[in-house]
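**Student:** Sequence:
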Amino acid sequence: MIAEGTRGRRRPVGEITRGTTGHNRLRRSDRWVTAVYGPLLRSAPRPLVVDLGYGASPVTTAEMFARLRRVRPDVEVVGVEIDPIRVAVARAHEREGLSFVLGGFELPVARPPLIVRAFNVLRQYGEAQAWQAWDLLRSRLAPGGVIVEGTCSEIGHRAAWVTLDARGPRTLTFATRLAGFARPSDLAERLPKTLIHRNVPGERVHAFLRDFDHAWDVAAPYGAYGLRSRWIAAVEGLAAGWPVAGAPPLGGRARWRLGELTIPWDALAPDR
Numbered sequence: 011m012i013a014e015g016t017r018g019r020r021r022p023v024g025e026i027t028r029g030t031t032g033h034n035r036l037r038r039s040d041r042w043v044t045a046v047y048g049p050l051l052r053s054a055p056r057p058l059v060v061d062l063g064y065g066a067s068p069v070t071t072a073e074m075f076a077r078l079r080r081v082r083p084d085v086e087v088v089g090v091e092i093d094p095i096r097v098a099v100a101r102a103h104e105r106e107g108l109s110f111v112l113g114g115f116e117l118p119v120a121r122p123p124l125i126v127r128a129f130n131v132l133r134q135y136g137e138a139q140a141w142q143a144w145d146l147l148r149s150r151l152a153p154g155g156v157i158v159e160g161t162c163s164e165i166g167h168r169a170a171w172v173t174l175d176a177r178g179p180r181t182l183t184f185a186t187r188l189a190g191f192a193r194p195s196d197l198a199e200r201l202p203k204t205l206i207h208r209n210v211p212g213e214r215v216h217a218f219l220r221d222f223d224h225a226w227d228v229a230a231p232y233g234a235y236g237l238r239s240r241w242i243a244a245v246e247g248l249a250a251g252w253p254v255a256g257a258p259p260l261g262g263r264a265r266w267r268l269g270e271l272t273i274p275w276d277a278l279a280p281d282r
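So the sequence shown is numbered by this note's numbering: it starts at 11 and just counts up by one.
Check before you lean on any hint, since a few could be wrong.
With beta-carbon atoms standing in for the labels, derived distance ranges [unchecked claim]:
1. 101 x 48: 20 to 30 Å
2. 32 x 262: 42 to 52 Å
3. 102 x 231: 52 to 62 Å
4. 274 x 20: 17 to 27 Å
5. 55 x 103: 19 to 29 Å
6. 133 x 153: 21 to 31 Å
7. 102 x 238: 32 to 42 Å
8. 102 x 217: 47 to 57 Å
Everything labelled a hint here was simulated from the structure, so no lab data went into it. Just so it is clear, CB atoms sit at the ideal spot from N, CA and C, and this is done for glycine as well.
All chains, full assembly: derive it from the sequences and hints.
**Tutor:** Set out below in structure tokens:
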């Protein structure tokens with residue numbers, strides 16, 4: 011169960027993860043966040059961004075900090091980890107605007123964050139616990155803030171993430187190295203915890219991935235022009251039957267050519 015501590019308790023909310031991480035593992039989500047939420051970062055007063063559960067090394071937090079500072083030079087980034095040893099190691103990498111604190115889903119930061127990134131954190135939890143974690147994180151957001159919660163492969167070649175705001179989940183994005191899969195349904199292994207066990211007949215996410223595979227097969231002739239052309243053609247074919255984001259900043263060819271696809275959460279949401 012994901013629950014806050016009782017009065018007087020300060021134990022972080024959550025459990026220690028494996029902590030696996032590596033250079034550039036989260037570059038796909040960082041690229042997407044800067045493109046989609048760059049205007050939000052630029053317009054907000056004193057924007058604070060939290061990287062929740064950064065793992066055994068602070069490398070991906072530092073990389074996100076560098077990328078976000080190109081968009082908003084005074085953005086502050088706080089890495090939050092539940093393992094005190096990891097926090098102690100990370101603090102050697104602190105600098106102006108980048109810091110690390112001990113904590114969990116309760117987000118023990120100085121003010122409500124504008125963006126929370128949480129990658130590969132909820133894999134070890136049950137589906138009901140994942141929903142509870144989402145609710146707790148949403149309650150901590152600044153007005154207009156968003157959560158980007160997802161999973162990725164060990165080197166970041168396959169990823170999927172959900173964006174949430176104060177109202178709940180809004181979108182689901184798939185991102186992949188185009189030479190890193192055989193069929194689009196291979197990305198099912200990176201579905202968020204709230205969907206991964208719903209990839210069975212009768213569920214919307216299963217139907218979506220089935221249709222994506224079919225669109226990929228139909229687009230096979232475009233493979234003569236390269237995998238990027240085939241991906242774009244497959245996404246265009248899929249969009250005939252699914253509400254795939256087709257215009258910036260979430261969609262369109264500029265995003266599709268990067269091996270991305272975003273779809274409204276409601277199109278795939280399970281019946282809870």
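**Student:** Compare the structure with each hint and give your call.
**Tutor:** These are the hints, each one checked on the structure:
1. 101 x 48: 20 to 30 Å: holds, 29 Å
2. 32 x 262: 42 to 52 Å: The hint (42 to 52 Å, Cβ to Cβ) is violated, given that residue 32 and residue 262 are roughly 30 Å apart.
3. 102 x 231: 52 to 62 Å: holds, 54 Å
4. 274 x 20: 17 to 27 Å: violated, 38 Å
5. 55 x 103: 19 to 29 Å: holds, 27 Å
6. 133 x 153: 21 to 31 Å: Since the Cβ atoms of residue 133 and residue 153 sit about 30 Å apart, the hinted range of 21 to 31 Å holds.
7. 102 x 238: 32 to 42 Å: holds, 41 Å
8. 102 x 217: 47 to 57 Å: holds, 49 Å
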